[in-house]
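Engineer: Letter by letter, the chains look like this.
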Amino acid sequence: MKIVIHKTLKHYLYKSLLNYKKCKELLINFIVMKLNILIIVILLMVSCGKNNKTAEVFKEVTEEAVESEIKKGDIELEVYDYAGFETFLNRKDDKVYVINFWATWCAPCVKELPYFEKLNSEYINKNVEVILVSLDFPHLYDKKLKPFVKEKKLASKVIALDDVDMNSWIPKVDKSWSGSIPATIIFKNDNSKFYEQSFTYEELEKEVKQFLNKILYEKGD
Amino acid sequence: MKKAIKIISAALLVLFISAFALNNMTQKGYGIGDLADDFSLKNIDNSMVSLADYKDAKGFIVTFTCNTCPFAVLYEDRIQALNEKYGSQGYPVIAIMPNNTDVKPGDNMQAMKQRAQEKGFTFPYLIDKGQKVYPKFGATKTPHIYVLEKTKKGNVVKYIGAIDDNHEDVSAVKIKFVENAVDALLKGEEVMQKETKAIGCSIKV
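Sequence order for the protein chains is A and B.
Here the numbering used here is used: the first residue of the first sequence is 1, the next is one more, and so on.
Here the numbering used here is used: the first residue of the second sequence is 1, the next is one more, and so on.
Just so you know, these hints were derived from the structure itself, not from any lab.
Every residue gets a Cβ at the ideal spot worked out from N, C-alpha and C, and that includes glycine.
One or more hints might be untrue.
Unchecked claim - Label-pair restraints from in silico Cβ distances:
1. B:37 to A:193: 29 to 37 Å
2. A:159 to B:193: 26 to 34 Å
3. A:165 to B:85: 19 to 27 Å
4. B:192 to A:155: 45 to 53 Å
Sequences are here, hints too, so could you generate the full structure?
Structural biologist: In structure tokens, the structure reads:
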């Protein structure tokens, strides 16, 4: 469509400069079309910029555009209520589990995710497993969470915890947890430690090493 | 000599433990029954607001909230509703924005003013500039609510936690924690559920 108008426009400009009126009409058509495209491009750019910057405000108008790009069902997401999720906390198989509570809308959580990813990849053969527990809003699983997991190519296991009765389950994860995220629990069998804080990679590695050392100690005993 | 060492080490131990306990207390902020210190914070209308300004208040619904946290946003209308319901009964909402605005420019004074105007907030929306007030309370996230009762001794912390038990769907709320607490205080009764937990955005330092 664009090309057709373009060609005809050239044709008129070239051959019939006299036919001013028709040319003007075509020119306006052409400009309007270009403008439309320009506006769409600008809108997309602006909305994308917003997404990247804050990632916190979730009611973006252009979410539909994002959604249509990423086919639903591309990513299988395991969703649990607390009773279902609890089994992840009760594993006693000599493995060190690093369970991180996060959400795409939580900026400090997103910031520290690469450290958990790094930990997962570097300690995967050392009996350590990272599980990323998303607390995203269920109505945004398809629009926000799945595209995020796909885009960031998260290799750690990602599950979603959907249980509105937070006052019941937050203290079950840890009595000291006020409910702010990011929050992380590291455990091995009956030893566990809870952290209501952000991590650097070094801090995270140090904590995990303590659990790994415990294994060595126990085995040496 | 041995005795002296024993006494000194015992004294040291006591000192150590008490220092630890004190440290713990300052970190955790107010607990139920503690007296909350007054503050003087800048409101969106540029005036300075203190609890002492509210001569006729019976207490306060001190709410740590902000513009940028989706959980806080979900509760904006409910915070406004609390002020409409309880402001006239002597329990006004006092909202405090605790975030570092260098980290979260979307929470700066101008953005706060704009948000308050858009939503028609009828309560003061104060900025914790310097971030000295929220640590005293022990607030860790937004939204985080502290219901205070004004007594002769001062403002006593009577409830800490969430507004209700369903952030996602107002119509599916089963327990209105803050309303129950304020209703009890208005009747001169004991608050049944004094502390609740909810997910929220960590306060940005």
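Engineer: Now tell me if each hint is right for this structure.
Structural biologist: Hints, verified against the model:
1. A hinted range of 29 to 37 Å for the beta carbons of residue 37 of chain B and residue 193 of chain A is consistent with their spacing of about 33 Å.
2. For the hinted restraint 26 to 34 Å between residue 159 of chain A and residue 193 of chain B, the CB-CB distance of approximately 30 Å keeps it satisfied.
3. For residue 165 of chain A and residue 85 of chain B, the Cβ-Cβ distance of about 24 Å falls inside the hinted range of 19 to 27 Å, so the restraint holds.
4. In this structure, residue 192 of chain B and residue 155 of chain A meet the distance hint of 45 to 53 Å, their C-beta atoms being roughly 46 Å apart.
The structure agrees with every numbered hint stated previously.
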